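Protein chains in written order, with the working numbering: chain A, 1 to 95; chain B, 96 to 581.
Think of the hints as simulated: they come from the structure by calculation, not from any bench. Quantities reported herein were computed from a predicted structural model and do not represent experimental measurements. Just so it is clear, CB atoms sit at the ideal spot from N, CA and C, and this is done for glycine as well. Careful, some of the hints might be misleading.
[Said to hold, decoys possible] To give an idea of the interface, some chain B residues facing chain A are shown, with a C-beta separation under 10 Å as derived from the structure:
(1) S303
(2) I335
(3) V339
(4) A480
(5) Y516
(6) L527
[Unchecked claim] Computed footprint of chain A on chain B; a stretch qualifies when at least three of its residues, placed anywhere within it, have a C-beta under 8 Å from a C-beta of chain A:
(7) 353–365
(8) 432–442
[To be verified] SDA-like, lysine to any residue: derived pairs with alpha carbons at most 25 Å apart:
(9) B/K188 with A/S2
(10) B/K489 with A/I58
(11) B/K504 with A/E26
(12) A/K18 with B/L460
(13) B/K188 with A/I58
(14) B/K188 with A/D21
(15) A/K5 with B/K489
(16) A/K18 with B/K484
(17) B/K188 with A/N79
(18) B/K508 with A/E29
(19) B/K188 with A/R61
(20) A/K92 with B/K489
(21) B/K484 with A/R61
(22) B/K508 with A/V28
(23) A/K5 with B/D511
(24) B/K484 with A/G48
(25) A/K18 with B/D447
(26) B/K188 with A/E23
(27) A/K92 with A/T13
(28) A/K18 with B/G233
(29) A/K18 with B/Y465
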Amino acid sequence: MSLDKDQVRQIATLARLKLGDDEYAESVEKLSRIVDFVDHLSEADTSGVIPMAHPLDIAQRLRPDVVTEPNDRDRYQENAASVSDGLYLVPKVIE
Amino acid sequence: MDLHTKTMTELSAGLERGDYTSVELTQSLLDRIAAHNDTLNALLTVTGEQAIAAAARADADRAAGKAGALNGLPIIHKDIFCTRDVRTTCGSKMLDNFISPYDATIVERLADAGAVVLGKANMDEFAMGSSNETSYFGPVNNPWDLERTPGGSSGGSAAAVAARFAPGATATDTGGSIRQPAALTGTVGIKPTYGRVSRYGMIAFASSLDQAGVITRSAEDAARLLGVMAGFDERDSTCIDEPVPDYVAALGDSVKGLKIGIVRQHFDEGLDADCGARVKDAIAVIESLGATAVEVDMPNIDYSVPTYYVVAPAECSSNLSRFDGVRFGHRAENAEDLFDLYCRSRGEGFGDEVKRRIMTGTYVLSAGYYDAYYLKAQQVRHLIADDFKKAFEKVDLIAGPTTPTPAFKLGDKVDDPITMYLNDIYTIGANLGGFPAMSVPCGFVNDLPVGLQLVGHHFDESALLRCAHAYQQATDWHIACPEDFA
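Starting from the given sequences, assemble the full structure and let the hints guide the process.
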């Protein structure tokens, strides 16, 4: 196994994913296989090759920094589980 | 009246002649969906009332002499496209109850052209899968053999078009998600050039690879739909401002003198021999129409799949960080604190494959591994894209198999991610380099459809469409219909 349980636990924490105990065992096995598989890339000779930043090798378009979106807050908040007075509610963060 | 057997081109002529109205056409297809959708699980949402209302508007527009390019023609949207006031799930429990507050640009454009939306198609969760088995709402069955997969991730779109629920459907392709299901269901699928079609309102998976396209039964219909969808959109910063040619007009051009590249590696031992034979037959047909086939070398193409499985998960881990249980999407109950809310909402809301890809992406982007995986993959990606560019100095398009085998049985590959990933071995290269590509039905192996893949140079969708159209004029594989859905 190229990954162990502690590494998978660390990855899951970084990714903000809570896994069940049975999910951990499976993730260690399957993620290890994926990592072994993508390790084949190390065989490619990439000396002097520029990493690709855009599939068409062009720079991303920029737009003027002006407000273009209307305020649709109420409409967007219809999909939120918990809101009050236009604010999204989350568990208490500050004591 | 057998309206379900007709292509968009035929239906458009029928509507114009007044043989039937869009309301009649729409109702007949809605009846078909009601009768067969339980068998296929192809649609997650049927928008019957809205469809009839849109059809009535289309009929009124036609009567007033204001018929748009797709007036009254029924289509289905992959459930990855946001549709205003309609549930948009992306195949995930995470978005089970998500009602989109806005329309995707392509949803808007197709509606403006007069298209009538019958419903939203099932798909692999967040478009991550090649068999439609990762959908939270269950797999889609292939109309050619209900025990087999229709492919994925646009499995619902492909199955719906193959079963004649609608003559066309929207779809998306990050590593083969339009072409592979099209091949496995005997339909036509086209993924245009990266940036050709707006991705605004298309739920993101891997933003440097994702592109919207269509699944239809004829290349001509694909040209019609794509012509309406393609073109610059200010709301998508990756959408390219290039003029859109008249794809339908381009179909009339001959394939005489067209140079077709054959990649040796695409016919290696990984390819089922019978599939290979059908594909070679198809290339021979295209040659008989006046094209010339030449071998092209792609020394780095074998790195496509591992490159993809670094780049795509990396982008997915970033894109899917927006699902936090706060603003929209599934929210875990009784969270202890904010961290617990994030972790449990995501742990409960995402399925196994999505979690696996988020974790793979998190790993390859994490400190100490970034250079070895992510940066390395982006370098190899450049080598692969350059292989294509060099090939396109010699040829107009590249032809080969879309998939290594015909449709496999549901459950066969679901426990082995690598075997599943290798399904996209021939399709991924086009996404890595942003090239347009399509799949066209080219025969059967054991009564299961086989697809011919065509890949073109940037913004040369016309060459793909005209080659596919010429091939369909000379063959009738695309007319074949699964027996139970005739």
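Status of each hint after checking the structure:
no.	hint	verdict
1	S303	6 Å, holds
2	I335	7 Å, holds
3	V339	16 Å, violated
4	A480	6 Å, holds
5	Y516	8 Å, holds
6	L527	7 Å, holds
7	353–365	violated (count 0)
8	432–442	holds (count 10)
9	B/K188 with A/S2	31 Å, violated
10	B/K489 with A/I58	23 Å, holds
11	B/K504 with A/E26	23 Å, holds
12	A/K18 with B/L460	19 Å, holds
13	B/K188 with A/I58	37 Å, violated
14	B/K188 with A/D21	21 Å, holds
15	A/K5 with B/K489	50 Å, violated
16	A/K18 with B/K484	43 Å, violated
17	B/K188 with A/N79	14 Å, holds
18	B/K508 with A/E29	16 Å, holds
19	B/K188 with A/R61	34 Å, violated
20	A/K92 with B/K489	63 Å, violated
21	B/K484 with A/R61	23 Å, holds
22	B/K508 with A/V28	19 Å, holds
23	A/K5 with B/D511	20 Å, holds
24	B/K484 with A/G48	18 Å, holds
25	A/K18 with B/D447	12 Å, holds
26	B/K188 with A/E23	18 Å, holds
27	A/K92 with A/T13	20 Å, holds
28	A/K18 with B/G233	23 Å, holds
29	A/K18 with B/Y465	23 Å, holds
Checked against the numbered hints above, the structure breaks hints 3, 7, 9, 13, 15, 16, 19, 20 and satisfies the rest.
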